[in-house]
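Protein chains in written order, with our numbering: chain V, 18 to 379; chain X, 18 to 379; chain Y, 18 to 379; chain A, 18 to 379.
For the record, the hints were derived by calculation from the structure and aren't laboratory data. Owing to the predicted nature of the structure, the values given are computational and were not obtained by experimental measurement. Some hints could be false.
Where chains are identical, the list cannot tell them apart; a pair therefore holds if satisfied intra-copy or between any two copies.
What the hints assert, rightly or not - Think about it this way: if two alpha-carbon atoms lie no more than 25 Å apart in a straight line, the pair counts; the simulated DMTMM-like pairs of lysine to aspartate or glutamate are: (1) Lys112 x Asp88; (2) Lys274 x Asp220; (3) Lys179 x Glu326; (4) Lys103 x Glu81.
Number of protein chains: 4
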Amino acid sequence: MGNSLGKIFNVTGFGESHGNCMGIVVDGCPAGLPITEADIQQEVERRRPGAAGTTERWEPDRVEIISGIYDGNTTGAPVCMLSWNKDMDSGVYKKNRFALRPGHADYTAFVKYGGCNDFRGGGRFSGRITLAYVMAGTIARKLIGRLGIDVFAHVVEIGGIKARAQELAGIKENAGKNPLWCADPEAADRMTRLIEQAKQEKDSLGGIIEGIAVNLPAGLGEPVFDNFDGELSKALFAIPAVKGVEFGAGFAVAGMKGSQNNDLYDIKDGRIITRTNNAGGVLGGISTGMPVVVRVAVKPTASIGKNQETVDIQKMTKTGLAVTGRHDTCIVPRAVPGVEAMMAVTICDFILQAGLIPRVLS
Amino acid sequence: MGNSLGKIFNVTGFGESHGNCMGIVVDGCPAGLPITEADIQQEVERRRPGAAGTTERWEPDRVEIISGIYDGNTTGAPVCMLSWNKDMDSGVYKKNRFALRPGHADYTAFVKYGGCNDFRGGGRFSGRITLAYVMAGTIARKLIGRLGIDVFAHVVEIGGIKARAQELAGIKENAGKNPLWCADPEAADRMTRLIEQAKQEKDSLGGIIEGIAVNLPAGLGEPVFDNFDGELSKALFAIPAVKGVEFGAGFAVAGMKGSQNNDLYDIKDGRIITRTNNAGGVLGGISTGMPVVVRVAVKPTASIGKNQETVDIQKMTKTGLAVTGRHDTCIVPRAVPGVEAMMAVTICDFILQAGLIPRVLS
Amino acid sequence: MGNSLGKIFNVTGFGESHGNCMGIVVDGCPAGLPITEADIQQEVERRRPGAAGTTERWEPDRVEIISGIYDGNTTGAPVCMLSWNKDMDSGVYKKNRFALRPGHADYTAFVKYGGCNDFRGGGRFSGRITLAYVMAGTIARKLIGRLGIDVFAHVVEIGGIKARAQELAGIKENAGKNPLWCADPEAADRMTRLIEQAKQEKDSLGGIIEGIAVNLPAGLGEPVFDNFDGELSKALFAIPAVKGVEFGAGFAVAGMKGSQNNDLYDIKDGRIITRTNNAGGVLGGISTGMPVVVRVAVKPTASIGKNQETVDIQKMTKTGLAVTGRHDTCIVPRAVPGVEAMMAVTICDFILQAGLIPRVLS
Amino acid sequence: MGNSLGKIFNVTGFGESHGNCMGIVVDGCPAGLPITEADIQQEVERRRPGAAGTTERWEPDRVEIISGIYDGNTTGAPVCMLSWNKDMDSGVYKKNRFALRPGHADYTAFVKYGGCNDFRGGGRFSGRITLAYVMAGTIARKLIGRLGIDVFAHVVEIGGIKARAQELAGIKENAGKNPLWCADPEAADRMTRLIEQAKQEKDSLGGIIEGIAVNLPAGLGEPVFDNFDGELSKALFAIPAVKGVEFGAGFAVAGMKGSQNNDLYDIKDGRIITRTNNAGGVLGGISTGMPVVVRVAVKPTASIGKNQETVDIQKMTKTGLAVTGRHDTCIVPRAVPGVEAMMAVTICDFILQAGLIPRVLS
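Isolated chain V, as found in the complex:
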């Protein structure tokens, strides 16, 4: 258990970094949605390496749909998608199997699974699992797109360098113009240099991604436990390396007064809006109809080439370790499609729960 998410739009992932494949089953997609492998492939490409400091592992990431589609459309049956792993080099992982890599799940996985876990490349704990989320997210995006809902994410901070704030339209237009998915080109340049420097130093960098969803209807999310922010935060914590999630003003509310933080209501084009959006589009756990704005903190890549003191869990002795496998100096940009995917999957489930998309499309 643990690998499924969603009440109506339900996804179940499988696969390991150095196993046969990464895959996901999407159950609960309405029938009649046109989907091709090319659609999924296009989104998957966006999470492939390319930017400064990204991994040298070069996976083709070819998406195959093996169930749930007939004649180009979803059938109502579960859609299973997978991508076969090709470019694995497990030698170094086997050699250092028992030397716990600091910051990785090596220790917790070892304890939880009594050493039976597939440790190669992090196994089921690899960032590579987001590949499967992106596949599922593509279907979710197509569905919610039918209501005009759009989801996009961008990098707002890497290694302490912050992108300057801008309007949503500018973010959407500019974020895709550089491989860092940073909508501020000047900051992106500085981030790139910092990443290259960190790579030289055999070190790594963290950052912050902001996800935005626009054109949501007000009223999504159940109160109390299955609320919009709670479910979305749960989904985002499924992305490896995420250490924090905040909505709207987020942690800054600690320094604000009510009179600053409260978003005043107004009427625009006959519709109720708020003048500001400190709530990040969620009040009382329910969407307000304003853009959902959520930020996730992504920790620096745990794999670093520097020597680190650690423990050999088999011998129970102290040892040193420099992580030499292929890895990203800064995983933040590559997590951007994952953030979008988790947002799309979560929103899609709420939309279907609310009965806003019919179970048969036409």
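Place chains X, Y and A on chain V using the hints.
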């Protein structure tokens, strides 16, 4: 739906701020646990008002257990607990029913429930629902206490004033010494003055609560979707006014390098530990056995006496509103037991899922 | 856990036969449904004793709604309903606590809960729990009634006496005319005499109830695991004493040929129907739109006045036992409202999952 | 949704009769269980055709495990297994696409999915989906086998011919000796002749399968909704063609008195047993520790070569249809492994919920 949480230790809340009662059903508690109404009452008292700027609504909050206990012990059947509401004054809410209170769930609830929601005192969206969480949390704490697991929370920031950092032992000892649940007495004094000043200004303040769980076994939490941090964050977002959740170094990871953020492993008393705890006790979504450290951002009380521009949703006209009902200037301290409760409930469910507590206690 | 049912229309029961109350929380009911305590009371009355051989325990069964209703309508918040137990006499249960009553859950409950279960009157395993189902079922019936769906049940066999088959209209008209809920008055007379005779003999009788749902749309139920028949059967097995569930031709299919059992399609009033209904309204786990016909086997009341050999679980010795508490000679008629309730609750959940009833009613 | 089952031992199926493959993801299997493709293959072989009147479709049914195993053992990550479809002939299905086959899910699937469903060979509604259940069931059987629990099923009736009753030991020994899985060889001969005759007549036959589980601990199953019989019945209704489920004396209870039906308790080898087993191993929804005995009614194969009147759903006209695709005259024997699989999966989930198998095996 939306009012239930947990796979094995399952809680289902009900009740509204100005309805008959607040209540919760705890299903899945092992049989044979001694529980009295006095046990629950004791915890419930901790969330009652008292500090500077807390509400004048004075509820007795008498806990009644109406099922699931026989001869002083849990029976394995669901435990229903409730507290009858007594001190309601709904007049002002009825008078201003259609004037949306900024920062509250008035608008989202109105849209979601087509105006049928019980709006009095916020209804099901009131902070008062945490009363029921605390009841459930008390049972959870007793259960996990059997494994030596302890959960406590404290206020680390109010209105921009930060408590100084200290060791866990000091936090636990000092937090309960003032009504703000702030372990730093000097900061607590300044916070108190700031709250009094905000009250004078008819304004309100937000803050940050830190929750800590110690003596957890390593290995709790499922990978990927039902992971420890994701489930806990979902539970914490069920507390009204929470706008962010972070673990360990949290959002600060954005400015850290891997060599700073990685917690190095060491051996102590024959057990593997980490020297630092930037991970906040969670790696790969699984508990490390180090203390779980989680912080939640609590927004300033939405109810403020200052006049605010808003909208009358019935007339669809602009209007002004000063919220005059009884409310807390700063809800942060009163949310401390709620944070502890949600942590205890979440941990308890993981513990039971892992089979670490038998289904019959003796 | 175990006391909740339903994905969107979710019910959570609590209470014990000799505890304070029987209760249920209904979460997920759309907002805006008019409900009064009198509505619920009316349905609850139908399961009260009265026919030949029914129990002498005389509970007022007064329904109280303690949450989720405002101004006469559901609010979208969970509806908690309960009935306080009044007429308990636990003396005999305490006296014979450790002598396992054959056919009851005494032994299994003792093992599962290590002897901590509330054994008085069967505790959580009493047929009295159906009282709470009926409360929830009343809400479900009102909801599905908005689509014209009607659910009713009747007794088709008691102690080997079978009611003669008749058309649905006749069943609906005639079933309520006698306290046995048997639509065949002549059979009902014979059943009554048989029950009186069994009572004399300090014995008990079983029977079969048939539940019928009409005007369902085709297309309800998910394929494979969450299918219509599977979910309904699961709900029906929650009624104590049920030992079998069959749809349409049911177990008789074992002696039929495909050419006999297949229901041929036809067109009537521009709509596709089947000429026969051996399928009982379900094909491939999905409703056909024909009446759903389901039968449940109800075992003879386990409590009998005859002496039975059994075991004292505390002393681990053989002993004899005549069950002298108040009980029904034949529980079958009193389970009729429970069957209707479980059908209504299950259908209501499928209807809501399919988005066929809006989340806000008007 | 609808394609997942189980709380801790969770299975998610996918695939269609004439699609690329049949597959299943098993999530929640403890780590450290040795599993090979050969293990799964062996069980899968048992459901392949062979007996009189079985289909001429000749699928190799080669099992591939594509995730979740490392070094021969489960890793704790989800195990995805699949079998690629090879011998499809969809021509006849395409030709008769809109002529509804009586007794099949053609109509309900068409309505539910708006005609988008993969209709070839019944698509997701084919009996072929049990292939995937058997894969998952093999893992479940291995797990519960560690506690000594054994599950087996046999055919007790086909076309009105009943096998004579015998002891469990005899059933287990004899059932596998003929391709009908009937433990009574004389009845099996008569059944075979009847099947051959029905095949000549282009007709089909139904029957009854009895599933038995031995060595279960007492105490499995949650009371009320998630009880042992309810969950098992839900799982069994997932097998296509099942129209009824009964435990122990089942529907025969309708003609029994309490004094006949009640199983008297006794002590044997220091353990409490019942002298009879009319309860079928379940009381109050909880396992008694006696053998679980459950019977399922399997309807005659809906596909028959005889001409049947039906409707063309596209033209909305009456038409005639003789189903000419390859199919089984009597599917009952081929459903035997499916019954065993669903029993094993359900029991395994209860065992894991109860914490009776550790999450790491050794």
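Quick rundown of the hints versus the structure:
1. Taking the shortest Cα distances, lysine 112 and aspartate 88 sit within 25 Å of each other only across copies (16 Å), while inside one copy they are farther apart (48 Å).
2. In this homomeric assembly, lysine 274 and aspartate 220 come within 25 Å of each other (Cα to Cα) only across copies, at 7 Å, whereas the closest approach inside a single copy is 40 Å.
3. In this homomeric assembly, lysine 179 and glutamate 326 never come within 25 Å of each other (Cα to Cα): the closest approach is 31 Å inside a single copy and 33 Å across copies.
4. For the homomeric pair lysine 103 and glutamate 81, the shortest alpha-carbon distances inside one copy (14 Å) and between copies (18 Å) are both at most 25 Å.
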